Amino acid sequence: MAHSTQHSDPPSGFAWSSLWSTPWLWSVALTVGFYSALPHLPAGREQAERYFCGHPVSYLQAGLFFLALCDLAGKGWRLRRDRKALAGLPLSSLMPTGADRSTFARDTLLARCHGLSRGLQATAWGRRLRDLALLASGSSAERMDENVAELASVEEDRFHDSYSLLNTVIWAIPITGFLGTVLGITIAIAHITPEQLDRSLGEVTGGLAVAFDTTAVALVQSLFLVFCQWSVKAGGGRVLADVDAMSRVLARSLASGGPASPLEEAQSLAAQALVDRTEVLLDQQTRAWNTSVEQLRERWANTLEAHRDQLSQSLTDGAADTWADHRDSLAAARTEFVDAYREVSRQLADSLAQSEAARQRHEELLSSQSQAFWASFDARWRAEQSARDTAQEAWSRDIAERLAAWQTEMRTLVETAGAQMQVLQDQTRLLGRVVEQEEQLVGVQQRLTANLEAVRAAEAFEQTLHSLNAAVHLLTARHAARAA
Numbered sequence: 378m379a380h381s382t383q384h385s386d387p388p389s390g391f392a393w394s395s396l397w398s399t400p401w402l403w404s405v406a407l408t409v410g411f412y413s414a415l416p417h418l419p420a421g422r423e424q425a426e427r428y429f430c431g432h433p434v435s436y437l438q439a440g441l442f443f444l445a446l447c448d449l450a451g452k453g454w455r456l457r458r459d460r461k462a463l464a465g466l467p468l469s470s471l472m473p474t475g476a477d478r479s480t481f482a483r484d485t486l487l488a489r490c491h492g493l494s495r496g497l498q499a500t501a502w503g504r505r506l507r508d509l510a511l512l513a514s515g516s517s518a519e520r521m522d523e524n525v526a527e528l529a530s531v532e533e534d535r536f537h538d539s540y541s542l543l544n545t546v547i548w549a550i551p552i553t554g555f556l557g558t559v560l561g562i563t564i565a566i567a568h569i570t571p572e573q574l575d576r577s578l579g580e581v582t583g584g585l586a587v588a589f590d591t592t593a594v595a596l597v598q599s600l601f602l603v604f605c606q607w608s609v610k611a612g613g614g615r616v617l618a619d620v621d622a623m624s625r626v627l628a629r630s631l632a633s634g635g636p637a638s639p640l641e642e643a644q645s646l647a648a649q650a651l652v653d654r655t656e657v658l659l660d661q662q663t664r665a666w667n668t669s670v671e672q673l674r675e676r677w678a679n680t681l682e683a684h685r686d687q688l689s690q691s692l693t694d695g696a697a698d699t700w701a702d703h704r705d706s707l708a709a710a711r712t713e714f715v716d717a718y719r720e721v722s723r724q725l726a727d728s729l730a731q732s733e734a735a736r737q738r739h740e741e742l743l744s745s746q747s748q749a750f751w752a753s754f755d756a757r758w759r760a761e762q763s764a765r766d767t768a769q770e771a772w773s774r775d776i777a778e779r780l781a782a783w784q785t786e787m788r789t790l791v792e793t794a795g796a797q798m799q800v801l802q803d804q805t806r807l808l809g810r811v812v813e814q815e816e817q818l819v820g821v822q823q824r825l826t827a828n829l830e831a832v833r834a835a836e837a838f839e840q841t842l843h844s845l846n847a848a849v850h851l852l853t854a855r856h857a858a859r860a861a
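Residue numbering for the sequence shown follows this note's numbering, beginning at 378 and increasing consecutively.
These aren't lab readings, by the way, just hints derived from the structure by calculation. Honestly, I wouldn't trust all of these hints.
Quick list of the computed label-pair ranges, beta carbon to beta carbon [claimed, not checked]:
1) Thr853 <-> Ala760: 35 to 45 Å
2) Arg723 <-> Ala760: 52 to 62 Å
3) Gly410 <-> Ala697: 47 to 57 Å
4) Val603 <-> Leu688: 23 to 33 Å
5) Gly421 <-> Trp548: 25 to 35 Å
6) Phe536 <-> Thr693: 46 to 56 Å
Cross-link-like lysine to any residue pairs, in silico, SDA-like; alpha carbons within 25 Å at most [stated by the list, open to error]:
7) Lys610 <-> Gln672
8) Lys610 <-> Leu407
9) Lys610 <-> Ala464
10) Lys610 <-> Leu542
11) Lys461 <-> Arg685
This one's a predicted model, so the numbers in the text were calculated from it and none came from an experiment. Virtual Cβ for every residue (Gly too), placed ideally from N, Cα, C.
Can you build the whole structure from these sequences, using the hints too?
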């Protein structure tokens, strides 16, 4: 009773859990976060702003893409939870044992179902176990097989219906891209003005860029979502197949062994008739719906074809008029440019002739000034050279006179030294005679020493005289070379 009360009155937190699990809330949060972080990208910010902020349609595309992405993430999380439920509740732990497999097994299965967490009860395997426990009371094996088939059909319909939002978004994203293309072409046509064609060319190319950018982004997003949907849907299909196989085995083990009662047979016949009638009605409604959808698609295709033809014709006519006006404008501009070019060429030729005449006058003036300067410079240089030659000749004569005086003095000194040498020789001869006289020998030795010193001085003076003679000859040779 506690379990039934708990599940009959869901807690207030269930509504909040459903609210937080809806993809609408998370898609809005992701869109706001994406556009808040877009200006702070470290690289590729200009490209991202071009593809995601170039037009209001780009914001709508981003919102739809994040909505589909959040829905896929939720389905992936529920797929993981379904696999966890299959692994946590294996078929071996649910099979009944003993002789009484109808009442005790049903109560045991209900107890196991009530003991599951809310997350596991919401899985496909949890719902199938709860339904099998409720339908297992006194049902035959054939009836249980029919119940399992009906439950599988309901679960499959629920599985396909859960992808309705995702399919709609994947279908709508290329439509929004095409809408951006139409708006971009419309903007490009609206900004074409023959009077201001050059200035409106940038706006035209910008509108065309917006047109093709939205289509490219929409196609990329659609391809990505289609492949992600295929992956998640394939995993969900495998989970449903496992649930159907396990539920068939479990249903046969829960079915009672006795024949069905007349009331149960009547109920089965009535249920079968109701199912058949429902199938007929569903087939009729499906055919009517398919017919309506096909007619709507044909009308939409015809409308798009007519709109495309009108747009193509408008573009062709507008482009032809624009190019004709542009050709006339270019011809007029070319004529004006040629006239202006000729006028500028004539003015430039006059300016060049005047510049050439001025250059010739400046060259003549510069030549005359250069000749006068070099004449005055040559005169000054010759005067200075003559003054230097005169001064050098006077200096050379003075040096020659001084050297001649020095030579005369040196000759006198040499003659004196020669006389002294003669005297020294005489004294030397006398020294041999007075060897025996000691006192006279000492005096002679002293005079000899003095005479030797005088001789050394005379030799040094003679060497100096020779050096001076060499210097005089060198200066005379240089002076003669300069004079030549």
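Each hint tested on the structure:
| no. | hint | result |
| --- | --- | --- |
| 1 | Thr853 <-> Ala760: 35 to 45 Å | 26 Å, violated |
| 2 | Arg723 <-> Ala760: 52 to 62 Å | 56 Å, holds |
| 3 | Gly410 <-> Ala697: 47 to 57 Å | 48 Å, holds |
| 4 | Val603 <-> Leu688: 23 to 33 Å | 28 Å, holds |
| 5 | Gly421 <-> Trp548: 25 to 35 Å | 29 Å, holds |
| 6 | Phe536 <-> Thr693: 46 to 56 Å | 50 Å, holds |
| 7 | Lys610 <-> Gln672 | 30 Å, violated |
| 8 | Lys610 <-> Leu407 | 23 Å, holds |
| 9 | Lys610 <-> Ala464 | 20 Å, holds |
| 10 | Lys610 <-> Leu542 | 14 Å, holds |
| 11 | Lys461 <-> Arg685 | 52 Å, violated |
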